[in-house]
Amino acid sequence: MIRSFSHWYAPRIDGGIAGSRLCERNWLLFLVAVLTCLMTPHLAPASFGSTVLEDVGGDGLQDEATPLPNATDSRGPAPKLAILVGKLITCAGPNIDGGTILVADGKILAVGPTSEVVIPEGFQVIDHRQHFAMPGLVEAHCHTAGSGDLNEMVYQTNPELRNWDQITPHNPRLQVAIAGGVTTVCQIPGSGTNMGGWGVLMKTGPGRPEEVIIRAPGVLKIAQAGNPERTGGEVGSGRIGMNHVIRQQLIEGQMYVRQWDEFEAGRRATKPEVDLRLEYFKPLFRREIPILVHTQQFQVVQSTLRILHDEMNLKIIIGHGTFDAYFLGEEVQQRNIPVMAGPRGFRYDPEIGQIRGIVAEYDVRGVEVLGVNTDSPVIPQEELAFQATMAVRFGWNEDRAIRGVTIEPAKALMIDHRVGSLEVGKDADIVILTGSIIDPRQHVKQVFIDGRSVYDTALDRRRF
Amino acid sequence: MKDQDQMHQFKLLGRVCLFACAMWAGWNNSAQCAEHPISGRDGQQATLIQAGVVHIGDGTTLRPGMVLVVDGKVQAVAEKIESTTEMQVLTVAEITPGFIDAASSVGIAGGAGEVTSEVTPDFVVADALDFQDPNFARQIDSGITSIHVTPNTDNVIAGFAGLLKTGGTTPNWLQRETGLFLSMCNDPTGRNSSRSRPETLYVRQPTNRMGVVWILRSRLHAAQQTDTEPSSVSAVSTDQALSDLVQGKTKTYAVSRTAYDIETLYRIANEFSIRPVLVGGDEAYKVIDLLKRENSSLIFTSLSTRSTGTEQTELRWSSPTMLAKAEIPFALAGDELLNQARIAHRFGLEPTAALAAITSVPAKILGFENQIGKIAAGLDADLVAFRGDPLQVTSAIEWVMIDGQIYSNGKGQ
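If you read the sequences in order, they're chains A and B.
Residues 1 to 464 in the working numbering are what the first sequence lists, from first letter to last.
Residues 1 to 413 in the working numbering are what the second sequence lists, from first letter to last.
The set of hints was computed from the structure by calculation and includes no laboratory data.
Just so it is clear, the structure is predicted and the values come from calculations on it, not from any experiment.
Warning: the hint list may mix true and false statements.
To be verified - Heads up, incomplete: computed chain B residues facing chain A, CB under 8 Å, no partners named:
1. 176
2. 204
3. 210
Glycine included, each C-beta is placed from N, C-alpha and C at the ideal position.
From just these sequences and the hints, can you work out the full model?
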């Protein structure tokens with residue numbers, strides 16, 4: 001079970017790098033032992049009845065250079081805060097000049113003009129009257145909130161797989177993401193197979209998994225073309241085959257959920273057998289969670305609309321949606337399907353010789369739940385707002401763009417009752433910044449997640 | 001560049017030192033290969049050991065103290081025991097219980113993993129034990145008197161470990177099948193991982209941790225659904241072993257190193273109501289709260305291994321101190337136990353806790369606290385005699401006793 005053992009005089013050769021590392025480590029052990037010997041003043045041979053041990057207490061040798069980290073993995077209690085800001089962008093109505101946000105138990109207790117919000121006793125006042133406040137950013141397509149276990153590559157459809165066993169809350173990349181204002185991410189398996197598994201919706205801040213997870217399963221990941229395409233005689237060497245296996249897998253799930261629905265409604269006498277592999281299809285076919293679909297190009301998005309929406313009647317999010325897929329904008333909107341576009345946000349239109357902004361093209365075709373994504377680490381997670389900035393550069397509306405990184409992805413992910421806007425009762429995920437997040441010259445000053453300050457340029461150095 | 005050159009020279013110097021050390025140790029080892037007892041005696045003869053300090057193994061000491069060994073067992077431990085003419089009397093500076101390595105791969109012939117399947121709960125490590133392996137002598141020389149030989153982590157459900165003494169002329173098993181080993185880590189994917197797309201169906205799950213989780217959950221779930229009758233063909237079958245596991249009839253050990261793998265392990269353990277002993281625990285210090293909530297015990301191997309690559313765990317010398325402060329029972333394991341205890345002490349672990357972590361604690365974790373791990377009346381006479389404080393690197397081992405027989409006269413240390 002242990003992959004390598006070390007001992008001094010018969011080192012096992014594990015070959016190459018591993019072998020040399022072993023040697024170095026043996027040497028390190030030896031050096032530490034020698035140093036210990038030199039640093040210890042009790043070198044006299046122990047005589048009969050000596051009490052050497054008492055003199056060599058553990059504390060005596062504890063080096064100040066090796067401090068013990070805090071031995072708790074949980075986040076602290078949520079304080080009561082009154083945050084005064086110069087401008088309030090709530091993403092739930094018009095912006096407010098001079099606003100106050102009251103925060104307690106990790107939730108927003110009150111939000112509105114400073115003249116109307118009374119600060120109760122016991123609330124700590126934080127003065128950001130020179131700054132803007134906005135909801136924490138919501139990323140609909142993230143791969144950086146966990147370990148690198150993204151693609152289980154053997155089968156084309158993997159409904160048995162879930163990824164919340166590998167999340168790494170508040171990892172170094174998420175700490176920078178927070179400095180870019182990102183407080184919620186949809187962490188999903190990769191697109192190496194047609195059905196990569198079940199993703200998770202989580203906060204970017206510190207805490208135990210159960211503290212940071214918003215919903216698990218959060219979404220199902222389906223990839224319809226491109227990355228999962230295979231060669232060498234397997235099913236999936238073409239799009240006909242890939243759509244076939246996706247459909248077959250969904251039908252299997254649908255049949256399974258139908259059995260349970262019938263049983264629970266009293267129309268079926270015998271209790272169905274639990275099939276762990278198909279269990280998470282229950283919330284999917286009950287339309288409680290969406291599919292995040294890796295789909296792009298006109299033909300592929302057409303098959304997305306037909307198979308996943310029209311045939312299967314599932315909640316879906318068009319992820320990517322790039323190249324010429326925006327020509328389907330009206331059809332997408334007819335079905336009320338959200339589009340989280342990008343990260344490739346523009347397309348060269350050969351017919352007119354012009355660069356077209358992908359998001360703006362969906363916008364002019366009436367798509368309402370519209371946003372951007374980074375597919376981090378494809379685009380660094382902290383640059384989510386830049387995706388919106390670029391979409392504005394290519395013709396999108398600035399107010400819509402701010403909503404496109406907050407409330408619109410929250411709606412798409414079906415968590416807008418928790419995050420995405422500054423409203424009473426929602427999670428206190430608040431970004432304080434020097435101006436509009438769409439303006440790349442501005443930067444984030446402070447971030448609160450669930451009412452706790454997780455980033456503050458006044459205390460931490462500025463990370464982004 | 002200059003810095004790099006200096007570093008290179010520094011490393012080179014280190015390796016020269018290591019080589020010299022290896023030559024020295026090897027020469028000593030060959031001088032007194034301890035496969036057979038140096039002083040084999042009639043079983044009935046009594047040996048009285050007079051020690052300056054008797055480390056009982058549970059944190060208490062006698063200063064001075066005496067230990068009476070009769071017929072392979074400790075018959076009495078006291079400050080003063082009257083000697084008789086029939087007794088062989090030995091005088092030593094300090095004495096500890098024999099060390100117990102709760103995670104060892106010593107003596108397993110033909111590899112500690114069987115890779116024909118991810119799930120091999122009916123495989124038994126004891127069947128492949130080579131008691132002629134010269135490493136047994138090295139174990140004895142370094143004070144290790146019992147080893148828990150464990151399967152490796154190539155499989156998700158690997159098979160049964162066994163516990164035996166390092167001394168004797170034939171394997172002295174305390175238990176041939178101690179418990180079933182699981183892997184909740186990245187290791188089982190190593191063989192299957194594909195840098196690019198596997199173009200053949202002969203590539204198997206798992207190729208990453210999601211697959212490991214699935215294999216564990218699906219097999220435990222299947223075992224829960226099946227009421228397996230005791231097999232008439234063999235007591236050990238795949239279904240039977242897994243059924244026993246989910247019914248709590250089999251002891252379970254599970255290897256996890258990263259914080260998130262440890263969290264996942266307990267998530268799965270709670271889903272299927274199994275109570276694994278955690279093995280590995282490199283990042284246990286990050287999930288102390290969880291380990292306390294789960295009432296965990298830990299076989300800590302981080303000081304003897306270095307997780308690299310996708311495991312990406314950290315080497316933390318102070319981990320044992322943090323575990324001790326949190327009062328989480330842990331054994332230091334994975335060979336070189338005395339050096340591990342010394343280093344853990346160097347990084348803040350109390351001397352009593354450091355010795356307990358290689359004696360009484362592993363005995364308790366393995367369920368053999370009534371036979372090994374302490375110097376107490378009725379327990380096996382597995383003892384290590386030192387010329388000074390055991391945790392000082394200058395203190396040589398004088399001799400090692402297993403089941404009342406002295407195997408090493410200290411030239412090896």
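Original post:
Hint check: is the beta carbon of residue 176 of chain B less than 8 Å from a beta carbon of chain A?
Top reply: With Cβ-Cβ at 17 Å, over 8 Å, it is violated.
**OP:** With a cut-off of 8 Å on the beta carbons, see whether residue 210 of chain B makes it to chain A.
**Re:** holds (4 Å)
Original post:
Was the hint right that residue 204 of chain B lines chain A, CB cutoff 8 Å?
Top reply: holds (6 Å)
Checked against the numbered hints above, the structure violates only hint 1.
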